[in-house]
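Colleague: So you can see what is in the structure, the chains are spelled out below.
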Amino acid sequence: MPEKRNYKILIVDDDKDILSMLEMAFLPTDYDVTTIDHPLQAYKMIENQHFDMVISDIQMPQMDGLTLLRKIKNFNGMIQVVMMTAHITISNTLDAFRYGAVDIFFKPFEDINEIIAAADGVAVKLNRVNSILHKLAAEGEK
Amino acid sequence: MQQETSKPFLQPFTVPEKSEFDILIVDDEFVNRFLLKDILEQDGYQTHEANNGIEAIEAAVHRKTDLILMDIMMPDMDGYETCRRLKEDPRTTNIPVIFVTALTDTENLVTGFAVGAEDYLGKPIREGEVRARVQTHLKLKAAMDKISHYNEELEKVVAESSRELIRTERQAAFGQLIQGIVHNLKGPLTTIRGSSQACRSTLRMIRSEIEQGGDAPLPDVTKVAKLTDGAIKAIDLAETASGRLTEMINSLMSKSSADQSSKPERLDLNSIIRSELAFLEGDLHFKHHIKKNIDLTPKPIPILAVAPEIAQVFNNMISNAIDAMHGNADQTISISTSLNNHYAWLSITDTGGGIAPEHINKIFDPFFTTKPKHDDSNPSPKGPIGTGLGLYMCLRSIKALNGDILVESQKGQGTTFNIKIPLAGPIEIS
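First to last, the sequence lines map onto chains U and V.
Just so we're aligned, residue 1 is where the first sequence starts under our numbering, counting upward by one.
Just so we're aligned, residue 1 is where the second sequence starts under our numbering, counting upward by one.
None of these hints come from the bench; they were simulated from the model.
Any given hint might turn out to be false.
What the hints assert, rightly or not - Partner residues aside, some chain V positions facing chain U, computed with beta carbon under 10 angstroms: (1) His-62; (2) Val-182; (3) Thr-191; (4) Asp-229.
All C-beta atoms, glycine included, are put in the ideal place defined by N, C-alpha and C.
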């Protein structure tokens, strides 16, 4: 199976400038990036469309990112979620991992390329796991 | 604030020396005046005299008078009328009046008390009775004066300690707000930093695309154009975000300099509200979980006030509204300003549980609160806490401007506070 890098990513943050900035940062990559500034709409999109990865802020109106993370993991455990927050606390960090996030980044980001690197890490993992899943599915069909 | 804490304001009550009392004797008959004057001066009191009602009122207003002994039957203005006028005038209303009269039938006595007299002395006068009644009423008057003085002092002490408590509460709230403000500043900072880094990566890619030569004869023009557009967009983003950052810092600066002023100035009520709302955005609960309907008049509303006091009243009203809606599904605050009859009106409505009818007349009383107080018996209360001083201080600040705070509330229907403040001069047309 060839290396797949055009995974679909949904980025969620109530700050539209940060969304544009992240969209920009992902521009030179092959990822298919969608952004949304509202967590409730974000969850609806996740239910109705396919996303491989979600990058979400924590402190947001209507629904906080940790709740969104739990809902996503309940809905589909395969979706890989990366958290980001300006509210740097021990509980935010531990909760993010407890609820199944793959990573957490603190704002302002040390280096925006670290987030792309995190996405690349997730992509490597997804490539490996997906190829096994495909194989299993193919064998099951026989 | 340094206070003379060593000096207790409540001194034990002692009746002053007799020579410190000055008694007014009113009678059109010289002989009657002379008789009373003689008894009283022998007893050690000071006296002064008037021979009719008009003179009596004059004397009571302009000279220190502790007690009035007055005849009833006088030409022009009788004792009843004189007494009625003395009791109507706030300057003389507290001076006890004793009628000296031969008319001691019930009807006349009732009339005497009805016009406000404290007591009567029958004619012909008996020396012992005069001394006893005068002494009793002077003692009573001295006690009353002391009590009203105590009340004034108490009022001052309550106001000062309230201010102190509120200051402490405000400092704690301020600490929390600072955290929120820092959080808000991180937004644009994240954009600026991230955009710069993304821009650098993009420019590097453009460079390597152009330099690669060798294998590919020409750079991929479409790709270079796309990357260049991206780099420009990143720079635009950083610029916008730095503008946002500057705006936030400017509004903080103007708030902090407004907080320093302590003199009444001509202010725009709408600007104060806007700047306070921007500041309150630092409170993450207020920013994210409270719906806000803001409807301010398009024109400025000039008022004469001390900026931080108005800001404090506004803040207090907002935090009360937030507390009232604690745990509710719909948390909406409506804020509007309007002009009406030479007054500026500020209206703040919440969607909280409303105020119980038995509480509505007490909410402005000092130390009245329906929230748990934070004290030793309640070291870690759940939900909003209160000192019971917020509204009391708000009303004081607004009353000092000759304004008022009106409240409309029904249990379960939310609460509206209407604050009215006199307008400062005509509205400028800009």
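Colleague: Now tell me, hint by hint, if it's right for this structure.
Modeller: Each hint, compared with the structure:
Using the Cβ-Cβ criterion of 10 angstroms, the hint placing V/His-62 at the interface with chain U is not satisfied: the shortest such distance is roughly 68 angstroms. At a threshold of 10 angstroms, the smallest CB-CB gap from V/Val-182 to chain U is about 8 angstroms, leaving the interface hint in force. Below 10 angstroms, beta-carbon pairs count as interface contacts, and V/Thr-191 has one with chain U at about 4 angstroms; its hint therefore holds. Look at V/Asp-229: its Cβ gets to within about 9 angstroms of chain U, closer than 10 angstroms, so that hint holds up.
Checked against the numbered hints listed earlier, the structure breaks hint 1 alone; every other hint is satisfied.
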